[in-house]
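Chemist: Build the full structure now, drawing on both the sequences and the hints.
2 protein chains.
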Amino acid sequence: MKHLFLFALLLTSTVAARAAERISSFTPGAHILFQGDSITDGNRGRNSDPNHILGHGYVFIIAARHGATFPEARLDFINRGISGNTVLDLEKRWQNDTLDLKPDVLSILIGVNDRGRKVPLDEYAQVYDKLLAETRAANPKVKLVLCEPFFLNHLATLPSVGSPDADIVKRQEIVSKLAAKYGAALVHFQKVLDDACLRAPASHWIWDGVHPTYSGHQLLADEWERAVREFQPPTK
Amino acid sequence: MKHLFLFALLLTSTVAARAAERISSFTPGAHILFQGDSITDGNRGRNSDPNHILGHGYVFIIAARHGATFPEARLDFINRGISGNTVLDLEKRWQNDTLDLKPDVLSILIGVNDRGRKVPLDEYAQVYDKLLAETRAANPKVKLVLCEPFFLNHLATLPSVGSPDADIVKRQEIVSKLAAKYGAALVHFQKVLDDACLRAPASHWIWDGVHPTYSGHQLLADEWERAVREFQPPTK
Numbered sequence: 001m002k003h004l005f006l007f008a009l010l011l012t013s014t015v016a017a018r019a020a021e022r023i024s025s026f027t028p029g030a031h032i033l034f035q036g037d038s039i040t041d042g043n044r045g046r047n048s049d050p051n052h053i054l055g056h057g058y059v060f061i062i063a064a065r066h067g068a069t070f071p072e073a074r075l076d077f078i079n080r081g082i083s084g085n086t087v088l089d090l091e092k093r094w095q096n097d098t099l100d101l102k103p104d105v106l107s108i109l110i111g112v113n114d115r116g117r118k119v120p121l122d123e124y125a126q127v128y129d130k131l132l133a134e135t136r137a138a139n140p141k142v143k144l145v146l147c148e149p150f151f152l153n154h155l156a157t158l159p160s161v162g163s164p165d166a167d168i169v170k171r172q173e174i175v176s177k178l179a180a181k182y183g184a185a186l187v188h189f190q191k192v193l194d195d196a197c198l199r200a201p202a203s204h205w206i207w208d209g210v211h212p213t214y215s216g217h218q219l220l221a222d223e224w225e226r227a228v229r230e231f232q233p234p235t236k
Numbered sequence: 237m238k239h240l241f242l243f244a245l246l247l248t249s250t251v252a253a254r255a256a257e258r259i260s261s262f263t264p265g266a267h268i269l270f271q272g273d274s275i276t277d278g279n280r281g282r283n284s285d286p287n288h289i290l291g292h293g294y295v296f297i298i299a300a301r302h303g304a305t306f307p308e309a310r311l312d313f314i315n316r317g318i319s320g321n322t323v324l325d326l327e328k329r330w331q332n333d334t335l336d337l338k339p340d341v342l343s344i345l346i347g348v349n350d351r352g353r354k355v356p357l358d359e360y361a362q363v364y365d366k367l368l369a370e371t372r373a374a375n376p377k378v379k380l381v382l383c384e385p386f387f388l389n390h391l392a393t394l395p396s397v398g399s400p401d402a403d404i405v406k407r408q409e410i411v412s413k414l415a416a417k418y419g420a421a422l423v424h425f426q427k428v429l430d431d432a433c434l435r436a437p438a439s440h441w442i443w444d445g446v447h448p449t450y451s452g453h454q455l456l457a458d459e460w461e462r463a464v465r466e467f468q469p470p471t472k
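Chains as they are written, first to last, in my numbering: chain A, 1 to 236; chain B, 237 to 472.
No wet-lab data here; the hints were simulated from the structure.
Note that beta-carbon positions come from the ideal geometry of N, C-alpha and C, so glycine has one too.
Some hints could be false.
Here are the in silico distance ranges between beta carbons for each label pair [to be verified]:
1) D358/B - N47/A: 32 to 42 Å
2) A73/A - K338/B: 25 to 35 Å
3) P469/B - K170/A: 53 to 63 Å
4) S176/A - K366/B: 52 to 62 Å
5) Q126/A - K338/B: 34 to 44 Å
6) T263/B - G29/A: 41 to 51 Å
7) S176/A - G352/B: 45 to 55 Å
8) Q126/A - R465/B: 33 to 43 Å
9) K377/B - E91/A: 30 to 40 Å
10) N96/A - Q362/B: 49 to 59 Å
11) G352/B - P140/A: 48 to 58 Å
12) R435/B - R199/A: 29 to 39 Å
13) A373/B - N96/A: 49 to 59 Å
Modeler: The structure is reproduced here in structure tokens:
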């Protein structure tokens with residue numbers, strides 16, 4: 001009897017974990033906008049009906065899963081990532097491509113091009129902060145999701161995997177501080193990718209250091225959903 | 237005690253169902269090739285490393301999920317769908333784009349352009365049969381997956397959803413017979429899409445009658461995986 005009870009308890013927790021995955025993180029009719037660079041872009045649609053094609057990346061996986069699981073919620077997923085963008089590029093198109101779209105949820109992944117194109121850390125932090133301030137001012141209720149920029153040497157094998165890129169680590173710290181400042185959910189992509197290298201070589205997860213493979217995008221999507229689902233907004 | 241036992245039994249079956257999803261349908265190192273038209277293509281990669289980008293569709297969802305769940309299996313997903321293709325187009329490029337790639341698993345979705353471009357039913361059946369015969373001859377052990385072509389009026393609302401397109405129904409029958417003849421798994425996409433219209437309007441699942449939305453592609457991916465997982469090859 002005692003063993004059976006413990007068995008039932010164990011199974012209950014497993015089922016509860018699965019049930020949690022079946023609860024939408026979003027209110028019905030929510031507009032969920034993704035902003036970023038090529039990792040977000042994924043060759044998304046650019047034609048007159050751009051929201052039909054969400055690209056070959058984590059955005060598509062998240063949208064497809066939610067759209068099929070919660071059709072009655074009529075969630076609206078929008079991708080406005082553009083390949084090669086830095087935070088300075090986001091700044092130029094923020095009004096048109098973000099504020100004017102009036103998102104209920106805004107997810108941002110930006111930073112790896114800032115590293116490559118040498119946008120200084122203080123400018124990165126300052127402009128990123130300004131974009132978030134403008135977004136909050138336009139809609140105090142907007143839910144923010146900030147994704148850590150990441151870098152993973154695709155040629156690395158254990159144990160060199162996990163040797164962090166110094167510049168990206170600093171940008172991750174900036175994003176973490178901004179998430180705390182603006183009460184945003186924070187998505188730890190770097191840790192997920194680092195941990196995955198214990199299961200397969202880095203090249204299974206990342207194509208060229210910057211762009212995840214299809215397997216890597218699945219990890220990003222899973223972690224994004226987990227972080228958003230479990231996020232507790234700060235009490236005021 | 238009795239109730240607790242039944243409770244445990246119920247939970248066990250739920251957990252067992254989930255565990256089944258965690259078992260790969262493929263042998264380690266398998267090359268899994270998808271052939272078809274635009275629904276398969278999804279703007280996949282065309283450059284020198286075309287297997288990096290699998291497009292924004294069911295192929296990407298299937299590959300991403302398997303690649304992240306079974307990294308140690310080193311599965312290789314390949315997409316050679318081309319927008320606008322009929323079975324006659326597949327025939328022209330079958331040697332280069334299918335046989336030369338030596339797939340262990342070959343999935344085919346073709347037919348909706350044959351309907352639109354009026355490839356007669358008997359020619360559709362005959363050429364499709366020839367391609368399968370050539371594939372079996374090249375590799376008697378190849379696992380075949382035949383996907384029904386489908387059509388769903390995106391403007392339809394219940395109860396007109398479910399009024400089948402007469403031409404596509406005939407092509408579905410042809411594909412069903414070919415699956416039986418060649419011992420292939422058969423994927424019933426039409427029924428999945430029809431059933432989904434009980435949960436949301438057709439336009440939630442299909443964009444223009446032919447191309448699924450991101451939500452629709454998730455349904456295709458889920459059904460493809462289920463059909464392949466549960467398929468019992470014929471005993472000889």
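Chemist: Hint by hint, note whether the structure agrees.
Modeler: Hints versus structure:
1. D358/B - N47/A: 32 to 42 Å: holds (37 Å)
2. A73/A - K338/B: 25 to 35 Å: For A73/A and K338/B the Cβ distance comes to about 44 Å; the hint is violated.
3. P469/B - K170/A: 53 to 63 Å: holds (55 Å)
4. S176/A - K366/B: 52 to 62 Å: Check passed, 59 Å falls within 52 to 62 Å.
5. Q126/A - K338/B: 34 to 44 Å: violated (54 Å)
6. T263/B - G29/A: 41 to 51 Å: holds (45 Å)
7. S176/A - G352/B: 45 to 55 Å: Roughly 52 Å apart at Cβ, these two residues keep to the hinted range, so it holds.
8. Q126/A - R465/B: 33 to 43 Å: About 51 Å separates the Cβ atoms of Q126/A and R465/B, which means 33 to 43 Å is violated.
9. K377/B - E91/A: 30 to 40 Å: Between K377/B and E91/A, where Cβ atoms are some 56 Å apart, the hint is violated.
10. N96/A - Q362/B: 49 to 59 Å: Given range 49 to 59 Å: holds, Cβ gap about 53 Å.
11. G352/B - P140/A: 48 to 58 Å: holds (50 Å)
12. R435/B - R199/A: 29 to 39 Å: Holds, since R435/B and R199/A (Cβ atoms, about 35 Å apart) stay within the stated range.
13. A373/B - N96/A: 49 to 59 Å: holds (56 Å)
Of the numbered hints listed earlier, those contradicted by the structure are 2, 5, 8, 9.
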